[in-house]
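Novice: Here's the letter readout for the chains.
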Amino acid sequence: MKQGEIIRVAGPLVVASGCLGAKMYDMVQIGAMGLIGEIIELRGEDAFIQVYEDTTGIGPGEPVYLTGEPLSVELGPGLISAIFDGIQRPLDVIREQQGDFVTRGVDLPSLDRQKAWAFTPLVSEGQEVMEGDFLGEVEETPLIKHRIMVPSGIYGKVKGIKQGEFPVEHVVARVETEKETVEIPMFQTWPIRRNRRVSERLMPNEPLVTGQRVLDTLFPLAKGGTACVPGPFGSGKTVVQHQLARWSDAQIIVFVACGERGNEVADLLLSFPELEDPNTGRPLMERTIIIANTSNMPVAAREASIYTGMTIAEYFRDMGYSVALMADSSSRWAEALREISGRMEEMPGEEGYPAYLASRIAAFYERAGKVKCLGSDERIGALSVIGAVSPPGGDLSDPVVQSTLKVVKVFWALDDRLANARHFPAINWLNSYSLYVENIKDFWKTEVAEDFVALRQEAMRLLEEEAELQEIARLVGVESLSLKDRLILESARSIREDFLHQNAFHPQDTYTSLRKQYLMLRAIIHFHGAALKALEQGVEMESILGLEVREKMSKIKFLSEEDTAALDVYIEIDGAFRELLKSEQ
Amino acid sequence: MYKEYLTVSNITGPLVIVEKITEVKYGELVEIETADGQLRRGSVLDISTERAVVQVFEGTSGLDVDKSRVRFLGRSQKLGVSEEIMGRIFDGSGNPKDKGPQIIPDKMLDINGSPINPQARDYPSEFIQTGISSIDGMNPLVRGQKLPLFSGSGLPHSRIAAQIARQAAVLGKEEKFAVVFGAMGITFEEANFFIEDFRNTGALERAVLFLNLANEPPIERIATPRLALTCAEYLAFELDMHVLVILVDYTFYAEALREISAARKEVPGRRGYPGYLYTDLASMYERAGRIKNKAGSITSIPILTMPEDDKTHPIADLTGYITEGQIMLSRELHRKGIYPPIDVLPSLSRLKDKGIGEGKTREDHADVLNQLFACYARGKEARELALILGEAALSEVDKLFLTFADRYENEFVRQGEFEARSIIDTLDMGWDLLRTIPRAELKRIRPEFMDKYYPESQ
Ligand SMILES: Nc1ncnc2c1ncn2[C@@H]1O[C@H](COP(=O)(O)OP(=O)(O)O)[C@@H](O)[C@H]1O
Ligand SMILES: [Mg+2]
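Protein chains in written order, with the numbering used here: chain B, -10 to 574; chain P, 381 to 838.
Chain B on its own, in the form it takes in the complex (with noise of 0.2 Å):
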C-alpha cells in the first residue's frame, strides 16, 4: 500500500506529505492504530485528511496508508436490525469484542462474514440480466426480503446460479458480460458521496402516512419527499422524528442519530423490538437500521454518518422498497463539516460555515426522490428524507435552517412557545406548509373520502380566523366579538386541543389511523356548522358550550380504532343540538 507521512495533527484533522497520486475521498489509515481517514482536499502533495476516531497520541512522522478507494459501505444481508457508527462499524460486535466504551483502531468488516443466509435464486442459468435486476432474494426478516441485484454497470448472461445458504462474500451468481465472466456474491460496496443511480425520477404523489394527525391531515409528507422539522432545544425534533420512525408507513426505516444523545439511540434500541408495525403486525425493529453517532462520538464519523445512512437507504429503494430516512441532527453534521473547514483555515461564510454548505445540503435531499429503479421490472421505489434542524437560539434564520428550506417540501415550524404550554406536536400551524397538498389530493379523495379535503380547507381557515380574532381580543376584550366570532375561537380551541394535540407517550393516542384522523375532523367541524345555525336560531352560547358531547369529542383520541368507527358522534352531535332546539323554543 501506498504510504504518505504526517506533517501536522489538529483534532480531527490530520495533513500528511509525500501523497502523490492520491484521490479525493480516498480512504486512508493512520497510524501504527490505522485510525481510519478519509482525504478531503489535496494541495499538491499534501493531503488533507478528516480522521473518524480521536486523534490524541498520535504525531508528525507516523505513516498514512493510502487505500486508494473511496469511503464506501457494505450492502447486502445483515443490514437490517443493525446498529453502526458514521462509517458504518457495527456497534454491537464493537461491545461484544471491547466492552462497554468504544476505543479506537477497531477494524471490523460491517456485515457479519460468518453468519449464513438463505438464497433463493429469482433468474435461471442463460438468462439476460441488466443492472439492477433481482438474481435471488434472502429473507432477511419476515417483512423484509434482501433482493440480491445485478450490481451498477453489468448487462449480460447468467451463467450460474446457486441455491442455499451461503455467507455474505460468497459468489451466489456469474454474469457474462462482452468482456468478462463477472462474480456476484450477496453483497457489494459502494461509495458513500455517491448517489446510487435510477433510471428516471417521478413525481411523488402518495402521502407517507405517519399517524400523527397534524402531519397527515395539515402538512402531509409525501413518499418520497423531503421535510425539515427545525425547532429549538426542547421543541419537539426528535420525538417528531421517533414518531415517524416508528408509526410511518414506510417499509424500511434509515434512522441516523447524528451528533445527538446516546440515550434517544438507547431509547430506539430498547424499545423497537418491543413495539409493532401497526401495518403488519411485526416488531419494528425488522425493518430498522440504525446509524449512530452521538455527540461525544468522533466528530468526522459525524459528518459521515448521514452519507453513510443515505447510501443504505438508496440500496433499499433500489429494490422497489419505500425507504425514509431521519437525519436528527443535520445542524450536527453542518457543525461538523464547519469544525473541519476551520482547521482547514478555510474562508468562512456565514456564521463561519463554509461557502459549500448550501450545495451539499442541496446534494444530500437531492438523493431523496420517488423514482423507476435500475432493472428490467422498472420497479418504482421511494426514499424519503426527513432532517431535524437545530438553529441556535432558534433563529430561522440559521444558515442551515435557510439552505434546507430553499430545497425541502415540508416545513414542519417546531414553536418553543406551543413546547411550554405543553401543545404537542408543537408545530406551529400557522407558519408550516406542505408544498405536496396538490399531488395527494387525489389519493386523499380516493383513499380517505371525498369531503377529506375540504374538511381540511375548513379547519384551516378556523384556525387562521381564530390568530386574527385573537389579535383583535387582545385590544377589546373577548366579551366584545360577535356571537358567531366567539364560536369560531372556541371552533378553533376544539381544533388544537382535540384534534391537533396528540400525546407521543399515551398508548392510543401515539397513532391515528387517516381514516381515524377523519372521523376526528369530521366531527368538530360538523359540530362547527350545527351550532352556527343553533346560534342563528337565537340558542345561547353557554348551552352550546355545556353540550355534553363536546367533552366526548375531546376524548375521541384516547379511543380505539374499532370503537372510534363504532361511535357515531356525528349522530350524537346532531341529536344534541335537536334537544337543544327543542328545550330553548
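Since the hints were derived computationally from the structure, they do not count as laboratory data. Cβ coordinates follow ideal geometry from the N, Cα and C atoms, glycine included. Treat the hints with care, since some could be wrong.
To be clear about the criterion: a stretch of chain B counts as covered by chain P if any three or more of its residues have a C-beta under 8 Å from a C-beta of chain P, and this derived list gives those stretches [said to hold, decoys possible]: (1) -3 to 11; (2) 70 to 83; (3) 201 to 215.
On the provided structure of chain B, position chain P with the ligands as indicated by the hints.
Specialist: Positioned in the frame of chain B, the structure of chain P with the ligands alone reads:
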C-alpha cells in the same frame, strides 16, 4: 527520559509555541519549568513537524521565551484513583487540597474518558425523589439523567443543588451512593457553602471534590470537570455506586475555552465562542448515564449562569441541546420571594416518561403533570391579558385559570429549603389545585383518572 526543549518561540495568552521538536504527539501532556524552577502543566493542541502549540493550564504569566524548559511527557493527562479517593478534596488539576496524602492509585485513568457505546447504554428509568414539587411533579429527574440548572447571577442555584443532593433518594432503596462536586471559577464562599452543607449532613465522607476557584488559573478549568467525571465513572462503573455529579459553573468553563480559541486566532462562532463548543460540552455531558449490567450510575446536575438571563446565549443554548432537559430558574419568581424560583414552563425533563407512572410514582402522574402545565400556561396567559385589559375583561373561565396560576406558584412551587415532599403529597397537591377548574376543561386527563381523583360531588 523525557524530551526536553528550550525552544519556546512565542507566548500568546494561554498558549506557548515550542519549535524544533520531534516525536511529539497530539494531546500529549506537557510540563513547563520556569526560570525559577516552578512547574506548569499543559497539553498539545496542534502539532506540526516544526512546532507544537501548547495550552498551559496554570496560565502563562511569568513564563519567558528564553529560559522556560518544556518537557513532553509522552502521555495524556490522567487521574490516579483508588477507593481511598472518597471523602477527599482536590484542586482543579487533581492535586490534594485537604492536607491529606497523595492517593496511591490502583489505576491511572485518562481524564478525557471514552464515549459510551450507545449500544451499551441502559435507558434511565428510575425515578429520583428530590422532595421538590416543581421538579418531582413537573420535571422529574431519573437516575442516569443529565439535568442542568439554568440560572442567573444572584439566583439561588447553589441552595437548590444542595437541597437536591441532601434529599435525593430512589423510593424504597438504600444503595451505595456518592457525590462528586466540581467547581469551575466560582467564589470561595460559594464553594464553601457546598462543603459546609455536605459536612453538616454527613455527606462529605461520601463526596469527592475538585475545586478551581475564581482566583485560580482559568485554563485549569478545562481539566476540572473532566477530572470530576473521570472520578465519577470510576465510582459508578467500577465500584457500583450511584453517583450524583454537581458541576458549577459551566459559564466560566466556556469562557476559558473561548480564551484559548481566541489565542489560537480561530474563526469565532456566536459571541466569540468557538464553533466546537457544542462538541466539547457534549464530550463531558454525555459521560452521565447507565450501562447495561452495571449496578452503578452517573446522574449529573451541571449548573450554569446565563449571561443577562438569556437562554439563547450559546452556553445555555448548546447545553440545552445536549442535556436531557433543563431546570430553569426565574428572576421574576425570585423577586416575588418564591423559593425555589423554578419556572416550570420552560423547564423540561426529557427522560420523565419512562420514570413515572404506575409502579414508579403513581398511575395518574403523567396526566396530572400535563394538565398542570396546560392550566398554568393558560393562567399565565390570562394574567397577561388582565394586565392589559383589566381583570374584568376576562371570561369567567379565564378568571378561574388566573386564580389557579397564583395558587400554583404560591402553594405548589413555593416550599421550604429543608422541606422534602413525597411524590404522593406533590400529586395530591396538584389535584387539589386542579379541582378549582371545571371538569370539561381538563382535557389532558384520562376519564378513568378523572373519575377516581376528581369526584363528581366536589
Ligand atoms: N408529541 C409529543 N407528545 C408528548 N410529549 C412530547 C411530544 N413531543 C415532544 N414532547 C416532549 O418534549 C420533550 C422534548 O422533545 P424532543 O423531541 O426531545 O425535543 P428536541 O429534539 O427538539 O430538543 C420530550 O422529552 C417530551 O417530553
Ligand atoms: Mg432532539
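Novice: Output the numbers, in ascending order, of every earlier hint that fails for this structure.
Specialist: Checked against the structure, the only hint that fails is number 3, while the rest are satisfied.
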